Amino acid sequence: MWNKLVDKAFLRSVWVYHCNSGACNGCDIEILNVLTPYYDVERFGIRLVGSPRHADAILLSGAVTRPTLPLVKKAYQAVPAPKLVFAIGSCAIGGGCWYDTYNVTGGGDKAIPINYFIPGCPPRPEAIIYGVALALGLVDKKVAPVELKQMEFPVDMYRQAKLLETNNIIYKLLGEEDDRLTFGRK
Amino acid sequence: MWLWNKIKQLAISWKSGVVTLRYPFEPRLAPAGFRGQPIWDHTRCIGCAGCANHCPARTIFLRDICQEIRVLLYDSSRCTYCGRCADLCPEKAITMSDRYELATENKQDITQTVELFMMTCQRCGRCYDLEVKNSLDKLHSLGYRYDSLEVRKVIRQNTADFSPEMLEKTVIYERPKQLEK
Numbered sequence: 010m011w012n013k014l015v016d017k018a019f020l021r022s023v024w025v026y027h028c029n030s031g032a033c034n035g036c037d038i039e040i041l042n043v044l045t046p047y048y049d050v051e052r053f054g055i056r057l058v059g060s061p062r063h064a065d066a067i068l069l070s071g072a073v074t075r076p077t078l079p080l081v082k083k084a085y086q087a088v089p090a091p092k093l094v095f096a097i098g099s100c101a102i103g104g105g106c107w108y109d110t111y112n113v114t115g116g117g118d119k120a121i122p123i124n125y126f127i128p129g130c131p132p133r134p135e136a137i138i139y140g141v142a143l144a145l146g147l148v149d150k151k152v153a154p155v156e157l158k159q160m161e162f163p164v165d166m167y168r169q170a171k172l173l174e175t176n177n178i179i180y181k182l183l184g185e186e187d188d189r190l191t192f193g194r195k
Numbered sequence: 076m077w078l079w080n081k082i083k084q085l086a087i088s089w090k091s092g093v094v095t096l097r098y099p100f101e102p103r104l105a106p107a108g109f110r111g112q113p114i115w116d117h118t119r120c121i122g123c124a125g126c127a128n129h130c131p132a133r134t135i136f137l138r139d140i141c142q143e144i145r146v147l148l149y150d151s152s153r154c155t156y157c158g159r160c161a162d163l164c165p166e167k168a169i170t171m172s173d174r175y176e177l178a179t180e181n182k183q184d185i186t187q188t189v190e191l192f193m194m195t196c197q198r199c200g201r202c203y204d205l206e207v208k209n210s211l212d213k214l215h216s217l218g219y220r221y222d223s224l225e226v227r228k229v230i231r232q233n234t235a236d237f238s239p240e241m242l243e244k245t246v247i248y249e250r251p252k253q254l255e256k
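These protein sequence lines map, in sequence, to chains C and X. With the first sequence counted from 1, adding 9 to any position gets you the working numbering. With the second sequence counted from 1, adding 75 to any position gets you the working numbering.
Here chain X stands alone, though its shape is the one from the complex (with noise of 0.2 Å):
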């Protein structure tokens, strides 16, 4: 009788098959919709933290490096895998990739940096983010610099929001003699 069991234990193993995956030996992909390691984009990212602002455990920062450097680090430690940045992004520039196997002995290997040229603002010296549909940022990435109030005017009116208003305002600007605290 004991054996009879053990016979029939066999056959009915024997019918089911081997289920056991070769895993670590045969790659394995993630199933659609998962999400694994967010990955940047440096071609589209505009620089506007908003994936800073938003990401619950904090493991993106975003720091100035000087007037036309901006570093974003990914700390990918901490990272719940939520996806809110790749939605909140405007610029579609993080993708949730399925990528899942990211196993290390070092934190450091799972970190992304991206250094993200901005434009520096001409009132305070400091970065803000380069629109890139705006004609007027495009030449200024070029390295034209429009101190000239004469070129200015001239600029003015071929940007994207002319206004006849707005030209007034620009035809009479000038420029603060001492900045306010």
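Only chain C is shown next, with the shape it has when bound in the complex (with noise of 0.2 Å):
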């Protein structure tokens, strides 16, 4: 009884620390508006940090750029053992319309392991809150993939494809005939 009375009251109280790695400051000024009164944070025991050794997770905005990416990754490694790590906005996630430019690593994917992605240009603060929340497991995830289709066929047309495609030497030469079906899912 009482040890889950300390649970619940100690487990639960994440406090995080704001990492920005390039952003142009539009998610920066969304999390700052979560810490405000009206999106009262404190109600889950979030706190902002100013040091990372004192934090339990980290806010990564921006696509990493190359001048933060050991920033960074000192960052991460500072945090004490039990860490999370949440992109927030489209640079983080995937690196934004920067995915693919000289400067940028391309997203906090590649430079550092993420736990929970939060999209959005820049999102919400109630879809930080939400995030945030999925990880305390407060709410449920609402998300999942789609997809649809405009004809059902008789026959598998994409085993079908795929026989053409390897049959074809063409493709063989090529060594394009693992990824041209999965779109980099794998």
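Think of the hints as simulated: they come from the structure by calculation, not from any bench. Small disclaimer: the values here were computed from a predicted structure and weren't measured. Treat the hints with caution; some may be incorrect.
Straight-line alpha carbon distances no greater than 30 Å define the calculated DSSO-like cross-link-like pairs of lysine-lysine that follow [as the list claims (entries may be wrong)]: (1) C/Lys-92 <-> C/Lys-150; (2) X/Lys-182 <-> C/Lys-82; (3) C/Lys-151 <-> X/Lys-167; (4) X/Lys-182 <-> C/Lys-92; (5) X/Lys-182 <-> C/Lys-150; (6) C/Lys-119 <-> C/Lys-92; (7) X/Lys-182 <-> C/Lys-158; (8) X/Lys-182 <-> C/Lys-83; (9) C/Lys-151 <-> X/Lys-182.
Reassemble the complex: the two chains are provided individually, in unrelated frames, and hints are given to aid placement.
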């Protein structure tokens, strides 16, 4: 009984460290917006701390640019071991519009392991609260992959096309036979 | 004096009341005109790839799987929700919904895949857009192949863009013996 009470009282208090890795300040302003009394996140025990050594989670915003890459890695290593990383905004998730630029790593995914993705450009403050509440187990996940079809074929056209491509020598020479049908899903 | 100030603060805060939203426990709608996750209507999409060509973040991909199927893959991970795809779409198949609660632990949850049924070009054998208004294409989608030139002549008269010159051309039309490289 006492242990359960202690668990409930002490376990779910996430202190977050806000890590800007070259964002445009849109996501940062929304994160600040979350901390205001209007969206009071201290209800859930979420607090902003100044040092990654005090933090349990990192709010990563911005596509990780080349100058900030070592700093982001250092900040990640400084967080004590049970740690969560939230990627906030489309830049931190996949690199945004700059996913293939020379000076950008292409999203926080390629710099540090990321646990939760919060899409939006910038995400609404509610979306950020929702993402953190999802990690805390307060809300259910609302998204799932959508697959739509215009027509259902009696034969498996994917298999047919795959057979056609594997039997064709050109695709073997190109070495593309694997990632043609998977679209990078694998 | 200190206590009196505190009492005054209490009175002020009592007047304003509680402003904090009970957000995750109560739903909160996005304001009007908010651009959330784009949603594809697969019954309207013709597979013209306008959205894929104009997406600033290049999150929309179109690939031809075989002669009849073209697959549209929308990867929401780096989408900036600019709404350009919805503006461009000639058939209004894309709507920017007001869904913003998209947080996941898996990137695959925010993808959309649309399998499009396409026409096959009789010349090159590749996909081309399904023109819904064209009655010839409607016949074609029902499985009718106008390989026979006699039948083809009859169909030509029934199309919307019928003209006597076009009919003359189709009468003397012959398939090329060998495709030019």
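query: For the pair supplied as a hint, C/Lys-151 and X/Lys-167, is the alpha-carbon distance within the 30 Å limit?
result: Roughly 25 Å between the alpha carbons, so the hint for C/Lys-151 and X/Lys-167 holds.
message: Between the alpha carbons of X/Lys-182 and C/Lys-82, is the straight-line distance 30 Å or under?
response: holds, 21 Å
query: Can the restraint linking X/Lys-182 and C/Lys-158 be considered satisfied, given a maximum Cα separation of 30 Å?
result: OK: X/Lys-182 and C/Lys-158 at ~21 Å, within 30 Å.
task: Take the C-alpha atoms of X/Lys-182 and C/Lys-92, compute the straight-line distance between them, and say whether it is at most 30 Å.
output: holds, 19 Å
task: Below or equal to 30 Å on CA atoms is what counts here, so check X/Lys-182 against C/Lys-150.
output: With a Cα-Cα distance of about 13 Å, the restraint between X/Lys-182 and C/Lys-150 holds, given a limit of 30 Å.
X/Lys-182 paired with C/Lys-83 [C-alpha distance capped at 30 Å]: holds, 25 Å
query: Does C/Lys-151 pair with X/Lys-182 here, judged by a C-alpha cut-off of 30 Å?
result: holds, 13 Å
query: When you check the alpha-carbon spacing of C/Lys-119 and C/Lys-92, does it fall within 30 Å?
result: At roughly 17 Å apart (the allowed maximum being 30 Å), C/Lys-92 and C/Lys-119 satisfy the hint.
- prompt: Are the Cα positions of C/Lys-92 and C/Lys-150 separated by 30 Å at most?
  reply: holds, 20 Å
The structure fails none of the hints (numbered hints given earlier).
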